[in-house]
Amino acid sequence: MDVLEKELKDLVKKDNKIFNFIENHVLDGIWYWNIENCNHLSGWLNDTFWKTLGYSLKEIKEQNITLVDVCNAEDMVRGEQNLHLHISNPKKYPFDENIRYTHKEGHTIWLNVKGTIVYTKENKPFRMLGTHTSITKLKEAKSKLQDKVQYYENVISGVGIGSWEYNIKTGHIKFNDCWAELFGYTPEEQGFITATKWKKYLHPDDIQIINDAYEKHLVGGPYSESEFRLKHKDGHWVWIVSRARIILYDTDGNPEIIAGLNSDITERKVNEQLQIKNSDLMQRINDAARIGIWEVNLETNIIYWNDTIKEMLGVPKDYQPTLDDAYLFFQEGEHRKHIISAIVKGISTGENFDFEALIAPLDNAVFWGRVIGISEFKNGQCKRLYGFFQDINEQTKTTKELLNYKTLLERSNEVAKIGSWEVDPETQEVYYGDSLTTLLVAERNQYNLEDSILKNIKGNDQEWVKAIMNKALTQGDDFDIELQLQGHNRHFWARIIGISDFEDGKCKKLYGLIQDIDASKKLELELSLREEQFRQTFWYANVGMTLFNLEGKITSANPSVCRTFGFSEEELLKIPIAELSHPDDLATSQELMRELIAGERDNFQIEKRYFHKNGKAIWVFLSTSSVKNDQGKVSHFVSQIQDITENKKLTESLQEHNNRLLNFAHIVSHNLRSHTGNMAMLLDINKVKNGNTMDHEIFQHIKSASDNMSDTVNHLTEIVEINSQVKESLVPKNLSNYVARALQNIKHSIEEHQIEIQLDVDPQLTVRVVPAYLESILLNLLTNAIKYRALDRPCTIKITTEVSEKFISLAIIDNGLGIDLEKNGDRLFGMYKTFHEHKEARGIGLFISKNQIEAMGGKIEVSSRVDKGSTFKIQFKYEYND
Amino acid sequence: MINTACIIDDDPIYIFGTKKIMEATNFCNDFLIYKNGKDAVDDLIPKISAGESLPDVILLDLNMPIMDGWQVLDELVKIPTDHKIKIYIVSSSVNSADVERAKSYSLVSNYLIKPFSVDKIHDLMKDLEN
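Here the protein sequences come in this chain order: A and B.
Note that my numbering gives residue 113 to position 65 of the first sequence, counting from 1, and the numbers run on in steps of one.
Note that my numbering gives residue 95 to position 84 of the second sequence, counting from 1, and the numbers run on in steps of one.
The set of hints was computed from the structure by calculation and includes no laboratory data.
All of these numbers come straight from a predicted model, not from anything done at the bench.
Virtual Cβ for every residue (Gly too), placed ideally from N, Cα, C.
There is no bait here: all hints are sound.
According to the in silico footprint, chain A covers these stretches of chain B (three or more CB under 8 Å from chain A):
no. : region
1   : 25-37
2   : 121-128
With a Cα cut of at most 30 Å, we get these calculated DSBU-like pairs of lysine-lysine:
no. : chain 1 : residue 1 : chain 2 : residue 2
3   : A       : K681      : A       : K656
4   : A       : K781      : B       : K114
5   : A       : K835      : B       : K131
6   : A       : K737      : B       : K31
7   : A       : K735      : B       : K131
8   : A       : K664      : A       : K697
9   : A       : K751      : B       : K31
10  : A       : K99       : A       : K192
11  : A       : K737      : B       : K131
12  : B       : K46       : B       : K95
13  : A       : K735      : B       : K31
14  : A       : K245      : A       : K217
15  : B       : K89       : B       : K137
16  : A       : K162      : A       : K185
17  : B       : K137      : A       : K737
18  : B       : K58       : B       : K114
19  : A       : K696      : A       : K601
20  : B       : K30       : A       : K751
Each pair of labels, with its calculated beta carbon distance range:
no. : chain 1 : residue 1 : chain 2 : residue 2 : range
21  : A       : H684      : B       : E111      : 51 to 59 Å
22  : B       : D85       : A       : N590      : 54 to 62 Å
23  : A       : H705      : B       : E111      : 22 to 30 Å
24  : A       : A589      : B       : E111      : 44 to 52 Å
Just chain B, same shape as in the assembly (with noise of 0.2 Å):
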């Protein structure tokens, strides 16, 4: 079981189906949750620059208000970091220019399709514990 997943997303249907699923599952110990990118940005990057604890997956959505996904990325690649976090993009979005786009991420692992189900956070477990 991993310590902190962080959940970026401006759903929060999307929040509590996903924090319900993780915790029947034992996914995590605790979350971090954002609301928007912005947000994210604004408390993350100070903390990854500090070298505070930080969590050790981040499941990001694309489309959100304010600062979207893509944005966010453009952050995190600028601040150079030992502490390997993964970073998943989960959207709603099938469109594949969005999948190769975030395939020329290194920093992206892969590229899930929401909704999240049982069976999927058991496939990430799996994929994380590799």
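In isolation and in its complexed conformation, chain A is listed as follows (with noise of 0.2 Å):
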């Protein structure tokens, strides 16, 4: 024994200080027992023992607080068991409890208890010395270990992870149950398995990869690390991450033991490459159709553009938006009001929207853009906004020109129907986006190529398309098509793009997107059967058109214009109008062209002369109209070209005619004239001389000859006069004077007949005509009324005027013999007809009567009733009416 130790020893039995400072210090509790004796109370248990519990001495004693208070009872039964075992076999059963106390405050101390016995002179046990050390923080680290260990067992059974150890020397592989499983064997199937077995199952272009992530641990990573494809029980490849790390080298330093653990990264592999593949797919297909796409992730408020938005709205490709920065791009107004509110109500209700507006970009200019939003909504809270973005300037500026607002509104109310889909082009297996089965009305199952999209197609349709996905499959050529496709009870027309991955002279893969554009194809169809229809009316018109701007230069004229003016359009093209306008009749076109660019007429048509190629003059019936464009600006002009040389020509010979058989009538009339009027003169002197000859038979007849020739030529002279006159200029006269005149000249018959008159003339009435004719037609209807007044009863006649709109009329309405106007009504105004027996009745008077009214631009209408009387009614034209 050591001399300290003695020392010690002895010191402790001498000195009650050494032994006191020991019990405070070392332990966490002392105790002594009474074994002759043995019950919870028997005993002493240290200061130090309270204090581990929480209690001070003070109240111990006060509160009586014993062991039975604060031991765990369990604990305390199995204590007391073995203490029992103890003493009556120390060596077998050594006195070590762990006893759960509880502390003041209530929790729980784990102490360890170990105890010696101590014995009396005679070797027999009476006293139990033991020691009390807390083991509470050892209890909890050892809890947690255990389910730390629990834990991770269950992380790498639940998860399938596999570790293995690669013994580099021996090659041998150890492993774990989930290692083999990763690709399909149970560990009794793999059983003892050498890396050069494994390899076998390794993708051969994956080999390289787990070299070089070897290579790189050995150079000092911390880790090899790869990503491998193995093959599968199954057959398919199976993608496995591997971590693993050398863990033992020899006693050369080179490695021994290498050991890793793989799980299975298949369909995360898979997402990735469709992810890849997807978003090169939209890629593609939006450098194809210029779409862009946009997204703002609210979760981390940033906003991502592509950069065909950021083209469009002439942003550098590094720019990075806020939301507010994004509406400044919407122009002020409705437009930017659309955006936001389209934005506000996608975050709050996850409704989607779809419109299209005016886009303002930094530098570029205005245009019309369509915008799609789709709201992700998940657990009522909307986690991003994405969608496309899409100029379509051209489409609807056009659409703006024929459309009014209303349809376009309707039309950006339809959503953007869109889908994607995919041929495998070894096994011809389609495969159909989620919104192209809601267009096609289709499953999204697999087809065969002939039962899917072709199956969608009319019938002229499908050789067609199916020769140009033959194509993309055998030689690579995307295309772009549209058609007509079935739909759910519906025809409707589609965009189809297809894109074909082609490598290695191989497709393999053909996929693309199916866009339902029907409205807009519609649409487009109209305009262009519209401008189809025009472009037919401008080119075979027989009527010469062309359209020329501004500067009055043609832009395009018809094949009729052309023969019109000897010219080919080409050549017509760069002519200024002008220069080919005859000098004389340049000044009044371009005046009309002057009112027409500034707006103050839409139209204008007037003939004039041009030049033909080969230098004549040529007239042409010019009707020229502006057309605006949808700001109201004159933006070209209209014309139609009549050629009408022919016309004119026939109507200046005509006019040389006409003046002709005027000259000749009056030649005739006044030789006529001259030779019946000596013939007169000449039987006139007969009857002053010779009296008594004209009881003469003979010359009785002479004289009835010549006055009869005598009227026949004063009537032709006065026919001739008439439309010879017709130029002449009319002047106003009062109507109410000359109707009074008339009846004065004729008063003596009025007399004679005993003719009752009934007048009902406004006297304000001022019409206009050549007095002498107007002086010839009352007096003619007048005597007309009285000639063939009824003999059986009294003659009246009613004269009455009445104004219209036009012309100022005057009936004149006797009560005389009528005129059967069913027989007669189509002569009755004809020359030399008569309709009475009467002996003045000479059917001339009607005629030059309604000659003269028309020369004065009136009217004359009879309604008659045979024996009830007639109604002439004249129209005359007004004073200041022309």
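With the hints as a guide, dock the two chains, each given alone in a separate frame, to form the complex.
As structure tokens, this is what we get:
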């Protein structure tokens, strides 16, 4: 025994202080028990023990707290049993118990209790001396460790991580169950496996990857980390991620054992590749269709724009917009309000949107854009908004020109219907995206080509599409076609884009989009139809048509115009119109053009002369209209040009003919008059000189013939006069005065036949007439009324006037014999027509009157009933009416 | 009754008839007859200028060969004279243009339309007396 140890023991025996020090500081408590009479009260527990449990000595004494109060009952029973066992055979049963005590504050304190028997001199056990050591922390740590182990066990088995150890020297691989299961084998099936055997499962392309990763680890990388493919028992490839480390080096410092973990990442890999494929698809589609893609991530508040959008908006590629910035690219006013409300709605209610708005880029011109937004809603909250953006300016501009806003709004309310599809060239299997299944009312599942897309195509187009598809599959030609598809209960126009993934002369994949473009296509068709109609009209019209711009340059001339001018269209486009115009007509047409451009008139029609290519003047009837754009500004002109040269020639020769006829009529009437005048004169002389010869019958007849001839010549003269006076100016005359004068002239006749005249003529009316005609007409009609009166009743003649919009009319109404208009209506106003057997009826009066009235721009109408009377109604021009 | 009546006309029947009617109605004592405008101008103008005895009334036809009635009128207009000669246009033309034109000459008293009859000569006589 050590000297010092002996000394200390002696010291303990002698000096209480030393024991006290040990008692107080070394242990968490000491106990000393009477085991002769053993129960829970027969021992001593020192202060440190109580302190460990949170009690002071004072509290123990005052509250009389004993071991029973603080010791876990279960542990106490076990402790007592073990104590007795220990006493019976200390060597076999050492007393070493972990006992739970309750701390003053209620929590559990673990104490390790050890004890040793103190024997009497007779070697009889009578006391136990023991210690308490706190093991709470140890217990806690152990329990945590236990949890952790359990946790990792769960994780590894649950997630299916395979672990392995590879002995480089022996080539053996040790593995857990999961490791074999990763590629479809039971541990038993794999059994004893070497690296050489394992490598047979490895995808040949991935050997290098593993080697590279290992090399990296060798030169100091913390792990050898790689992703590779293993051939599954079923034949497919399984993606594995592996992380391994050299865990043992041999005495020469060479790696001996590598250990690692493997797990299946096939799903992730497939997703990754799908993602790459999809984003590549999207990008390629977007490049083709110039579709912008945007996204607002509401969790990170980051906005993503693809390059297409940035290009469209004229911002640099590194531009990072905020939502507020983005709004500013919408034109102020309704367009900006629209996008803000659409975004707010999308975020708050998950409502998708699709509308068209005016976009104001930084430097470029304002254009129409279509904005489609899709709200991704999860758990009642919007996670992100994303969508498309398309420059539809050209489309919209033309649309705007022809459609009013209402139809546009209707159109913009439609949801964009785009669906994706994919064809596996080997199997000809077709895969439809979700929206396409709705679009085509098809199932998403796989089809062969014949039964899928082609089935939705109208008969005539099937062969065509088949050929295009084949070309894409065999030659890698992308396509972008428009055609009609059969959808749900309807045919609709669709755009099909196909992209062929062509590598090494083989199509790996054929995929693309189908978009419902029914509305816009129909519009386009309608437009092209109208355009075609116009074009047809333009090109095949017999009338010459030209379009020309504000500078007077012809921009388009149809074949008819070219024929008229003798120039080809190409030549016409180079010549200013003014150079073709006859100088005498230029001023007039230029003034009209000025008024047209100034908007003072919308169109004009004139007859004017141009020069033919051969230098000859041509007469045309030119009708020009201005065409205004949607801002109401004149944009160009449309002219109809009718070659009337022949007409003009005809009119001129007709005019000449007329003049000749008129001269002829004058000469005839003059010369005839001279002769008949002479004859009448000679007869007159004869009557005076040789009165008796007049009794001779022959002379009677000569006289009668001469008189008739004079009358005829007079009438003819009068008719010639009327026609020649057509252009003579009319003068305003008071109608009432002329009626009065005519009545005065026939006063004698009126009195003689006792005719009642009922006068109802507005004294204020003024008509535009040739005075001599008016006299002649009134006289003629009034004498007719008297001449053809009914002899069996008193004769009444009513004269009335009436003012209508264009004319002043005068009616002469009699109650005379009347005329059978059904029989004679069409001949009433003819020359030498008489309808009554009246001695004075000559059949020339109404003919002359009608001609005179019409020469003055008026009209004469008649209504009559036989034996009831006739009404002659004359319409005169107003005083200021032209 | 007037002294001399001058008839300028190329129509012999008209001249014959007119003379007969005038004789029958005692219209005048003497006749001065020209067969066309030129004869009349050649003979009358010097006479008027010389102040010799002149006809009281001239009956002028319009349509004549060599020199027509209008040309005769134009020559007569040129000569200033105090002597009052009544000039009547006598034509078978009823053309209003002729009538209007005749009225534009202050020399012309009236426009008479052929043929003459006894009644017309009576009217003319009354007109001249006024």
